[in-house]
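J.: Sequence:
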Amino acid sequence: MPSAKILSEKQAYVADLKAKFESAVSGCVVAYGGINVENDTKLRKELREAGVDYMVVKNTMLRLAVKGTALEGLAENFKGDTAVAFAHEEDPMAAARILCKYQDGDKSKKFVVKAGFMEGKAMNAAETNAIAKLPNREGMLSMFAGALTSTLSGLAVAMQAYADKQEEPAA
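Just so we're aligned, residue 0 is where the sequence shown starts under numbering that gives the first Met the number 0, counting upward by one.
Calculated from the structure, these hints are not laboratory results. Please read all numbers here as calculations on a predicted model, not as lab measurements. Note that the Cβ used here is the ideal one computed from N, Cα and C, for glycine as well. Among the clues, some could well be false.
[Said to hold, decoys possible] Dumping the calculated DSBU-like pairs for lysine-lysine here, alpha-carbon to alpha-carbon at most 35 Å: (1) K113 / K19; (2) K9 / K66; (3) K57 / K132.
[Claimed, not checked] Here are the in silico distance ranges between beta carbons for each label pair: (4) D15 / S149: 46 to 52 Å; (5) G33 / K66: 25 to 31 Å; (6) K106 / K57: 49 to 55 Å.
Please take these sequences and the hints and turn them into a complete structure.
T.: This is the structure in structure tokens:
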């Protein structure tokens with residue numbers, strides 16, 4: 000039986016993890032096996048630059064953190080080597096995008112995105128991989144602006160053709 004001090008530290012750690020799950024806009028659960036130190040350092044740097052919190056956590060602590068929350072369905076993925084990434088408001092898709100990109104390039108196929116969550120809803124690996132393929136906010140705005148521009152350009156051409164037809168003398 001752990002001492003009262005150790006028990007209170009673990010309870011505080013679980014409470015902190017629970018707060019991270021609740022405050023994150025989205026996140027991913029990964030099996031990080033097969034990653035070497037050099038690649039892990041690069042991956043952590045890229046995640047940090049994107050504003051993503053990434054940590055390796057004991058499965059028991061993760062299970063306790065999601066117990067009784069809407070994300071309790073994630074608990075079935077807390078087996079083996081487990082790391083969790085939490086994305087915030089800046090770029091909600093950052094964690095999924097970066098981790099899925101690394102997963103796709105991993106030759107050992109041991110680094111695997113197990114699951115994810117977004118806005119309080121647990122997602123399986125396939126849903127998380129689909130979310131990762133979506134462009135970021137700037138990309139979406141750019142696509143929207145391009146669609147508006149092409150629509151307006153088409154409307155201008157049609158209006159000009161109509162005006163030109165009206166100006167033609169009757170034959």
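J.: Determine for every hint whether it applies to the structure shown.
T.: Hints, verified against the model:
no. : hint                   : verdict
1   : K113 / K19             : 19 Å, holds
2   : K9 / K66               : 15 Å, holds
3   : K57 / K132             : 29 Å, holds
4   : D15 / S149: 46 to 52 Å : 48 Å, holds
5   : G33 / K66: 25 to 31 Å  : 29 Å, holds
6   : K106 / K57: 49 to 55 Å : 28 Å, violated
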